[in-house]
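Colleague: Protein chains in written order, with the UniProt record's numbering: chain A, 1 to 301; chain B, 1 to 320; chain C, 1 to 515; chain D, 1 to 304.
Some hints could be false.
[Said to hold, decoys possible] SDA-like mimics (lysine to any residue), calculated; alpha carbons at most 20 Å apart, straight line:
hint, chain 1, residue 1, chain 2, residue 2
1, B, Lys4, B, Phe15
2, B, Lys12, B, His303
3, C, Lys204, D, Pro94
4, C, Lys204, C, Val187
5, D, Lys10, A, Gly128
6, D, Lys212, B, Ile119
7, C, Lys75, C, Glu500
8, A, Lys60, A, Met78
9, B, Lys12, B, Pro60
10, B, Lys82, D, Ala214
11, C, Lys515, C, Glu500
12, C, Lys434, D, Lys212
13, C, Lys201, D, Asn82
14, A, Lys60, C, Glu386
15, B, Lys147, B, Ser157
16, D, Lys121, A, Gly128
17, C, Lys204, D, Glu77
[Stated by the list, open to error] Chain C regions said to be covered by chain A (calculated; three or more residues, Cβ under 8 Å):
hint, stretch
18, 70-81
19, 85-95
20, 255-269
21, 363-376
[What the hints assert, rightly or not] Each pair of labels, with its calculated beta carbon distance range:
hint, chain 1, residue 1, chain 2, residue 2, range
22, B, Glu273, D, Ser124, 40 to 46 Å
23, B, Ala257, D, Asn7, 56 to 62 Å
24, A, Ser38, D, Ile12, 46 to 52 Å
25, C, Ser272, D, Leu136, 42 to 48 Å
26, D, Gly199, B, Ala87, 24 to 30 Å
27, C, Val453, D, Asp57, 52 to 58 Å
28, B, Ala257, A, Leu41, 52 to 58 Å
29, D, Asp69, C, Val187, 19 to 25 Å
30, D, Gln158, C, Glu181, 46 to 52 Å
Honestly, the hints are just simulated from the structure, not real lab data. All residues carry an ideal CB built from backbone N, CA and C; glycine is no exception.
One letter stands for each residue in the lines below.
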Amino acid sequence: MTSTIERTAIAENRNYGKRLGKLGKRLLKSKTGLVGLSIVLVVSLMAIFAPFIAMYDPAKTDVVHRLLPPFWAEGGNMDYPLGTDNLGRDVLSRIIYGSRISLLVGISSVILAGIIGMFFGLIAGYYGKIWDFIIMRTVDSFLAIPNILFMLIILAVLGPSLTTLILVLGGTSWVVYARMVRSETLSVKERDYVRSAKAIGAKDFRIITKYILPNVISSFIVIATLNVATTIIMEASLSFLGLGIQSPDVSWGLMLSDGRQYVATSWWVATFPGIAITVTVLGVIFLGDWLRDILDPKIKD
Amino acid sequence: MVEKLMNVKDLKVRFKTEDGHVSTVNGVTFNVNEGETLAIVGESGSGKSVTSLALMGILPPNGEVYEGEMTFNGKNLRTLSKKDYRALRGNEISMIFQEPMTALNPVFTIGYQIRETLIVHYKMTKEQANIRGIEMLELVGIPDAEKVMGRFPHQLSGGMRQRVMIAIALSCNPRLLIADEPTTALDVTIQAQILTLMRNLKEKSNTSIMIITHDLGVVAELADRVIVMYAGEVVEEASVFELFKNPKHPYTKGLMASIPKVHDVVDDLYSIEGTVPNPTNMPSGCKFHPRCPLADVECKRIHPDLEYVSEGHAKRCIKV
Amino acid sequence: MKKKIFSLLLILILIVTGCSNSDKEGAVGEAPVEKSDSKTLVIANGTDLSSFDIHNHNTTSTEAVHVNMFNYLVKNGGEDGFLPDLAESWENVDDKTWSFKLKEGVKFHNGEDLTADDVKFTLERVAKDDTLLEYGSYKQIKEVVVLGDYEFQIITENPEPALLNRLSRLGSSILPKDYIETEGWDVFLEAPVGTGPYKFKEWKKDDRLTIEAYENYFGEPAKWEEVVFRSIPEDSTRVSELLTGGVDIAVNIPPTDLKRIESTEGVDILKSPTQRVMMLVARTGGDGPTADPLVREAIDLAIDKQAIVDSLLEGAGKVTRTRVTPGNVGANEDLYEKTLYDPERAKELLKEAGYADGLELSLSSPNGRYLKDKESVELIAAMLQEVGITVNLELLEWSSFNQKYQERSFGDLFYIGYGNSMFDASLALDRLKKEMAVGETDYDNPETESLLVTAESNMNLEERAEQYKKAQELIAEDRPQIYLYQLESLYGVNDRVSFEPRLDEMFYVDNITLK
Amino acid sequence: MKYFLQNLLKTIPVLLLITLIVFLLVRVTGDPVSLMLPETATDEERESLREALGFNDPLPVQYFTYLSDLVRGDFGESFRYNTDAFALVLERLPATFELAFASMIVAIIISIPLGILSAVKRNSFLDLFITGGAVLGKAMPSFWLGIMLILFLAVNTQIFPVSGRGGLLYLVLPAITLGTGIAAEMTRLIRSSMLEILGQDFIRTARSKGLKEALVVNKHAFRNALIPVVTIMALQTSTLVGGTLITETVFAWPGLGQLLVQAVNLRDMAVVQAATFLIAIFVILSNLIADLTYRLLDPRIKYD
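Isolated chain A (complex conformation) (with noise of 0.2 Å):
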């Protein structure tokens, strides 16, 4: 019996690995899911490698060459190939370290509210009941007051760094994937190799793992995936309220904010940073459609 259980499940991990397989040559077929992760890749790469790639100390000031446009507009010079901030900063290598936090946030707190956002979805999918419906009518709640709230008052009340802000981003959005893995939970629970495992009484921690992770997964990364880009924007709302990453580390969602001072004057200042972070949650949201299309057709959201 455990043996045909195990073989049924097996035989679907196996049909998710198999698509697995397939992802790259798909991925070449499709444009825009190409586009995607060439972006993507580009800005993790210039991210993880920024000291090597920038010119400049990106906090470094020169009140000297302050504002001074990019190169090829009048008074630039390739020195500072995309021009300098208000404080003489050059612009290009604080787009490249602002990747680093950009994506560091965007990344990490995705993460943290898909672990905790899973943990519960799990608990309130799997054991049901009373547990269902604490979790649910909590979830209900934070849907219930909008994400930038809840995160201006912590942020207004922690004081804004870089842990904050991680923290509050995640502490925030675990509630989509609470619902999500609530519900594929419960219609995997269902499925007839999961009811017989726990027929034969299989641990829950085992039935989770083996049967139910596995299939929520997909779904999952989805989501994940459009997330980061909702989060790398929210990280700039943030910021333009004051409450975002704080000098002298730097991010694209600061650079904008501080920029937008410059916008009539010396465009060059919020500009970059601007096309930074659409070109990148462009590049998140094609990858992230593309997953969709791979992985799980069913979502739509």
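Assemble chains B, C and D onto chain A, guided by the hints.
Modeller: Okay, now just chains B, C and D, sitting in the frame of chain A:
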């Protein structure tokens, strides 16, 4: 000479996919005569449904007819303007689909869906269309027709829905009715009722019917003439008597062998080994040879033509 | 279907338009100032005024609006001394007693006469109710004794040489006693009544306050029919409104936009010194590096204040070595517009102090509280780095900064800007008194201390001022606070009006005239 | 109706939880007193104000007081305005409602035709253009969009007023700013929903009846595609209200969003609590309404 209502010659249909163009109908030739019932038989994937969609002019956006002729009542369907084609559809040619459960729009009432055709083609007012709609529902044997007009599809059983589909298809008195597996999705007793209904309708009106099925039982019950399709080609054509009495093609024989007894649950019970080849990966020579009990080296090499063995009976095989 | 949707949308749009049109009724000054001869003046602030409870707010921008609707007893005329406002004359009877005589015939906007009872009501409220934000500045007042309809005495707890300074600043506008007592505070806050040249018309919170000329004003008649104070928090939006003629005057123009506005026809920039002086506050006690006066001097010498003013503030600031700037009682002008900058000497001083190999310091600063605060400390950190001081910069959002500020838990240095609404050296130097300095600067120079303590209650005003001047010299040498520069405010002004900004940042709108 | 009531009952624990969350958020840390007094205030002054305002009570006591006040509709007083916080919040509601409503209309006007068009012309250049545009709309932080709109449409070409609330003209730029992100999301959603519906059997049936393509798409397909869209739109309410925080600040729009941002910055907790609570109720209500609409649109779902 019997008048040919629908004439199909060397029809080829292809689809644009990620892997390039894939041809699923590869030169199909047949005709439907006035008042006649033609059955197209084959396993799923043989191209029979695609052929019918091509005739209706409602291939999915990535599909196209790229060769051959389709003439309906003297009109060349391939050069017909969109507007003229629309005027034909649902009016002179209409169609019933395989899945009564999903073929009706879930958010509109039965009444709305039956009136729609009448209003479009006959420019009826809503009231006129309503009267005609109720008539049609009664004609297909729906009790309480007036009430059913106000119902939504999900409130009806599968059999009832298929009757509604038939009523919609017949409401404009079509000259040709294409029925794509009209009974497959229904359970056995309902199947029998629907078949009886169709036979009665066929007797009452002069409508030509093109019935698409993989169920030879249905063929025996309804058809005058049969075309057997395999991998996008016609492999045998004969009158229904001739075919059942004297099947030539090994594929036909295989199908015959797997006829379920009447009222058995129809399922994929064919005794023929293997599956229909994927259109992206067609075997050389005779497309049936990998599954054919008679196949030899020749069959791998030679792609046989459709040959007449007697009046009205043709086969595509070099071995018989 | 499509048609239906669109007609639905059309209806929805009409509803919305309908709503907003009905809102529009009664709101005047909605449209931008188009006509240059319009008798409506529009001023854009960065924040909305906080309240009409004059005792329960402490924001300059709110008071800047109030001064048009209310009056103080006396006006601070700066170099001209104190001038009569509601009070016709006054006299310092003894150390703790001041007697006043009110102008007669002054009427509140609701027609009530102003009497000494109103004064007693007003001043005793703020002096007694410790939940009021302005309580701290008025608790010196022990009692107001009414001697007649237009005569009264103010009794202070201790000798209070700066009483007139207190009475000519926020919190001391005279309120209508009867109106408030019969109608209640809630009504007053919704429909405030004062004695000023303009009376309340409408307040849409976070949008605009509209006031209109009061025909029975006791002084010179109001020059504008209507004055609108708009609240536009986003700097770039405020600048945009100025550029498009939406407002006549816009406050707090970001220095970045200075050249842009100057080069735009029809608008101009006005600079005005403010009471706010930016500084680094150093811990002079304990065993941290800043306890060494040489280190503090080195820090002072290492910072090129003028460069910060020029580059970050586009010149909108004045370097200074004292916090008591001109216009304040006791200002030491010898230290004003002076600065020290000598990085070489700074390096030597550090060597002398035993930090030849460099030194690490912590510096905390609020972010977003003061003009270009973040950029300034970033620049300061870079300058200190040049002489071998590595700065660990801690940038805090204001509320967290404030919390640490109160806990006095900063490290070596923090960056802050103090204002001074009293225009008197006492408030400015209060925090350097030994008792007040504990845990913050730990400043302890007996000479300074004795000067500050005696000056505080010295009723000989000339001698008092001299004491403060001397104290400032000592402080400039000791450097418990390293002064950087006095901020200047930048106003964007439409060419149709002429406007002279004030040191106290008040908008006396009748001093703003059409050209 | 029973279903509706059941759902309404379910919101009670949710509301209770929200009060707790909001209470904890604002009360646990942060000291409003420090913000209310100037830099120069003494510790003594701070302490007396703190005591007077009841911040020295133990937390559970504060929560209980807060809850019982709340039941009576009393959210406390705004420090900033010295008036009843709830009244203040209610006063701001129309402005925010106007903006949110207009933004939703903008989002609908943009997303419905574009979503349908890109689904119908799937994989065409137009589709790529629309989906690319939608992603771009999503990728642009709204404050940035707002500032750009002001710069180009209000300052450089003086078509629209810069800021403030007035007639319809004043509404255009803020509504576009707030509506764009949602339009982008909805366009993507309508597209994928339409794509799924267009592949359904009943669409083939509709075509086989000889209906015009426009009718097939706009009626048969769209009515079905709308069903999931309505649900997601309701989920956007929260995003929409959240977006007003930014948009209102950029455009000096005197609504709830701006009030909230300033209240949070100044620790005007009574206002933060009242506004958050009201927003939560609003979001929950709109979800309930969406649920009802959903049931209305989809005859397959029956009321229990």
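Colleague: For the pair supplied as a hint, Lys60(A) and Met78(A), is the alpha-carbon distance within the 20 Å limit?
Modeller: Holds: Lys60(A) and Met78(A) sit about 18 Å apart, inside 20 Å.
Colleague: Does the Cβ pair Gly199(D), Ala87(B) satisfy 24 to 30 Å?
Modeller: Holds, at about 26 Å.
Colleague: Within 52 to 58 Å: is that where the Cβ-Cβ distance between Ala257(B) and Leu41(A) falls?
Modeller: 57 Å, holds
Colleague: Verify this for me: three or more residues of the stretch 85-95 of chain C with a beta carbon less than 8 Å from a beta carbon of chain A.
Modeller: Not satisfied, violated; 0 residues make the cut.
Colleague: Holds or violated: the stretch 363-376 of chain C covered by chain A, criterion of 3 or more residues with Cβ-Cβ distance under 8 Å?
Modeller: The restraint on the stretch 363-376 of chain C holds, since 4 of its residues have a Cβ under 8 Å from chain A and three suffice.
Colleague: Within a Cα-Cα threshold of 20 Å, do Lys12(B) and Pro60(B) meet the stated pairing?
Modeller: Roughly 15 Å between the alpha carbons, so the hint for Lys12(B) and Pro60(B) holds.
Colleague: Has the given pair, Lys82(B) with Ala214(D), been kept, meaning a C-alpha gap of at most 20 Å?
Modeller: 13 Å, holds
Colleague: Does Gly128(A) sit within 20 Å of Lys10(D), going by the straight-line distance between their CA atoms?
Modeller: 16 Å, holds
Colleague: Sort out whether Val187(C) lies within 20 Å of Lys204(C), counting only the CA atoms.
Modeller: Holds, at about 16 Å.
Colleague: Return holds or violated for the Cβ distance of Asp69(D) and Val187(C) against the range 19 to 25 Å.
Modeller: 23 Å, holds
Colleague: Please test the hint of 46 to 52 Å on the beta carbon pair from Ser38(A) and Ile12(D).
Modeller: 50 Å, holds
Colleague: Kindly confirm whether 40 to 46 Å is satisfied by the beta carbon distance between Glu273(B) and Ser124(D).
Modeller: 43 Å Cβ-Cβ, so the 40 to 46 Å window holds.
Hints 1, 12, 16, 18, 19, 27 from the earlier list are contradicted by this structure; the remaining hints agree with it.
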